[in-house]
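Asker: Here is what each chain is made of, one letter per residue.
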Amino acid sequence: MKLRQSFKMAFKSILSKKGRSFLTMLGIIIGIASVMTIVSVVSGYNKKSMEYYESMGTNRVSVYAQRYYGSNESVFEDLYDYCLSLGDIVLGITPQAYAYSAVVKYGAKSSDSMEYPPEMYLGSDQYAICNNFTIGKGRDISFIDIQNYSQVCVMGARAARNFFDYKDPVGETITVNGIPFTVIGVYEEKDPDSSWSLDNVVIFPYSASRVFGQRVDMSQYIIKVVDSKSVNEVITRLEGFLTGAIPSGTGSYSVYSDNQWMESENEMALMMSLVLGGIAFISLLVGGIGIMNIMLVTVTERTREIGIRRAIGAQRKSIVTQFLIEAAMICGIGGILGIGVGFLGTVIAGKLIVHMFLLPSALITAGAFAFSVVLGIIFGMYPAIKASGLQPVVALRAE
Amino acid sequence: MIAMLIDIRNVYKIYGEGLESEVRALDGVTVGIDRGEFVAVVGASGSGKSTLMNVLGCLDIPTYGDYFLDGQDVAELTDKELSHIRNKQIGFIFQGFNLIPELTALENVELPLIYQGIPASRQKDMAMEALERVGLAGRSKHRPSEMSGGQQQRVAIARAIATRPPIIMADEPTGALDSKTGLEVLAFLQQLNREGSTILLITHDNSIAATARRIIRISDGRILEDVRQEVDWYETKAIV
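Those protein sequence lines, which keep their order, are chains A and B.
Read in order, the letters of the first sequence are residues 1 to 399 in the numbering used here.
Read in order, the letters of the second sequence are residues 1001 to 1240 in the numbering used here.
Next comes chain B alone, as it looks inside the complex (with noise of 0.2 Å):
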């Protein structure tokens, strides 16, 4: 049987243990995604949601619980094997981008790919491509601040699939976005998806969870429910 991508076994993400005001952001979640799937996890503020993503993104360690990626024990790892793993088989696009302000939007893409040791020749050629990707290719000397929100977005998403990894999550990367920008990302992610990449879309709304396969409810740190949809499919030429 060949292992699911990721598989995550009775979770716990407890803040405070052991005290009177102990917060339990996962309550003991199981959940199994496979190649190339698009789920959208879903959820008000404080339901736990981001702290599943940080989770299954190996950005944080749960307090307890099991949590194979690709077969392996995330809890066996080093520091560098899971910075290999967030720098190859993951791409993150936050809410609030998460640029280096100092550094150009092409600075910003070429990060990952530093980090993974490509030759300094082909860095920027990778970076550029991802930044044609999301139609940026005439912006990348510009900084983030002389960008819009839309555009910083896009430099974000090209810096997450610079290094072509296989797991996209985003985390209301439509956030701070107005609708039309919103839906260009959405449709730019049901693309990636369409290419092959497996997402993990983290939102509270449920109009942008729509754009998802599948659906996951989750509440006070438990899986309220779990559903399989068919989605009709963003025009995407907006911003591919």
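With the rest of the complex left out, here is chain A (with noise of 0.2 Å):
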């Protein structure tokens, strides 16, 4: 019998019997789709909260410390010094003080009414290296505005343009808690996407905080290390500085890495994987079992009917060859509609779930392609096999 023969039976074959070709598909489907999109949906969200991270920028040693007594600015002092004299490895220091309440206007606009309002920081004129800002127009707050109590402030992308719409916001004058303050520059976007964006913010030189008044917390400071390698250094090298700097009774200080959060977070987002990875293995499974399920509970009627094929003529090759012909069709057909359905899940529940779109990874797209395909083939074979080497007559007796 030739090849395009055994084509054409297996064909017919797979077409006279829809029920149990569908059933055997839908396990394919399924494991396919389940495991492209669940491990897709993970690898992808961690990849977002990767960026996120890396946007915020790396590096960084962030530094809680304050005196009970005496001022903030003391500390803040302090720490720029010995900073200065760590220049080989800290690239910048600034406050990150979080200026909650502050109401900023621009003619009719009001930050207290806006869906959502920008966050206004106090900073030091090296917030924009600490922070990953490069300058997009006019200049940066500078040593000289600090030393001056200027009343300016640089702006993140996102909130000149909640404030400005796309009108050049440098030189204009807006007014925080009634008090003007002049726009010198616009920071360039870095973190178009998400609503809450890193762009949405003010700042201002720290040395304006008593416009601000009580309600502004500077106790953090973010400093900038040349290198992942270094900031183990760093974070040893201020630790022993404020021991000496804030004797014990005398204040609180804590100094973290946001490398650490980001492993962490890094960590985090294995385990998820892992453990979704581990429940789309499961369903792939499943469905897997699914396949066998169909495929042995058949064995005893395609038993019969190897043996009507045997009885009439086939021989042992033909009949193998037909039921390989015919796993390889349903599993390959199964794989490329699950392959279009967890194509499809991946970029929905991207949308749906991690807001972004995503596509499924090759690697694991062929690797459960592969995994269903293969189990398919050899459980469709099985009855073959199996009832291909009987004598005729005792295939024929299968009930």
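Mixed in with the good hints there might be a few duds.
[Claimed, not checked] Restraint ranges, calculated between C-beta atoms of paired labels, are given here:
(1) Leu3/A with Arg1009/B: 36 to 42 Å
(2) Arg1194/B with Arg4/A: 37 to 43 Å
(3) Asn1206/B with Val394/A: 27 to 33 Å
(4) Leu3/A with Asn1206/B: 47 to 53 Å
(5) Val1227/B with Leu3/A: 48 to 54 Å
(6) Gly1096/B with Lys12/A: 39 to 45 Å
[As the list claims (entries may be wrong)] Listed next, the stretches of chain A that the computed footprint assigns to chain B, with coverage defined by at least 3 CB atoms under 8 Å from CB atoms of chain B:
(7) 306-319
(8) 390-398
[Stated by the list, open to error] Examples of chain B residues toward chain A, derived with CB under 8 Å:
(9) Asp1060
(10) Thr1063
(11) Asn1098
(12) Ile1100
(13) Tyr1115
No wet-lab data here; the hints were simulated from the structure.
In this text the structure is predicted, and so the values were computed from the model without any measurement.
Quick reminder that beta carbons are idealized off the backbone N, C-alpha and C, glycines included.
Mind assembling these two chains? They're in different frames, but the hints should get you there.
Answerer: So, in structure tokens, the structure goes:
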């Protein structure tokens, strides 16, 4: 019998047993689609959070420090001086002072009536380097601005757009709690996608803190380190310095690295990948068992069919070839449908769950496809291998 | 000397050999059948008559004994050669029809032609010709479940004759049919015999065996009697 005939016969057999063929395919479709979707969404989420951390800036050390007596500015000045002495491994230092409940107005626009009001921070002339900003328009805050108590500010791209639309903000005057500040520059956009954008910020020189009064938390500092190798050294040194600068009982401090956050985030994502990947693998396995079941349930029926075919002259080889092609066709079609469903599932789940446009990874797709197809072919062949070795009369007697 | 078409010598088929419960379905059977004979093998249920047919039809292998088909020792044949014999030399008609339920009448009849490697264009013509002979050309697109028992048996007969094999083996071909349809089937077998086919008819029914020119009675796996007789030819117009 020619191969073409085998193909024809296998195709006829699939078409004539639509129910069984469909159920087999269903197992493959569900298995492949679920693995693709779950793994892709998890890895997409992981990538997104890493990108977020990177846009905030890497190799940063966060310091929380305050004295119970005396001003916080004195803490910053001490830290600033100390960091100057670490000039070869520290790129910059800034307060990260969150000015809550300050109201910014420009013309009719007011931050307290915005859906996403900007966040206001007081920082040093090194705020941009510490937070991974680069100046896009105008100029950045300078050391002179801080020394002169200049009433100036720099805006993040999102905040600038919220207040000024597409008009150039540089040189315009906004008011903070009624006091005028001049916009001297705008940072380039670095986080265009999210609603709570890192670009929705307004930065003031920290010497302007008296304008904000009590509503500024001036105890957080960010220190930008030259590379990830030096982070631990900077942490150790800062802790040593702060132990001396703030003796116990006179204040408190803590030092930690943003890299640690990233690492723990990474670990969490890995764990999530493993757990969800495990679930996905189980669903693939269940799909596989489904395939197995359907194939095995029909062994008796097929054994009889094989007996008939043998009785009218089919060679063992022809039977095995036919079943191989049949199983490969079912699994191949099911596999392709499964990839299609998994593709859709990934895109939809990406939009709904992590709000990203995600595409499934080729490796996972190929792996899931290979797994189900191999399983399907093995169990599709099983009756053929088992029954074609029997004497035809034994196969014919199968009930 | 020209070899007998079918020649078995001292054939045994033993199930559960060596056990106390061993069953000798064939217990030293020797028989020869020549070309063109119409032989009925008669016996009660469990007498070994179906086992004999399975062995003669190369559907089963004997435990001991020699089987020469057309001078060839069957024990020495490969799977490929045995498949060729079942395909080209022998046409089977079973009591339970043994059609493939998912295939149409035409597709069922085409099967042996496909396995024979007949070009696709001729398969259909030859299958239709066989269906015409059994009067079912109009039902070629029907599945077995859409046909009566008599019609299904006629499809099975068409399948058996599609490759024009010299030997037809029929195991209780009338068992599942009413007496009128059964007679039609027997008449058709006689017709094939007159055209030159060798017919082996397995039955438990003496009145059916009376159709054959030679009757072999079998009981407990042994041949009791082997007689030849004159028979009346049935009118065959009903089916042909």
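Asker: List, from low to high, the hint numbers that the structure doesn't satisfy.
Answerer: 6 and 10
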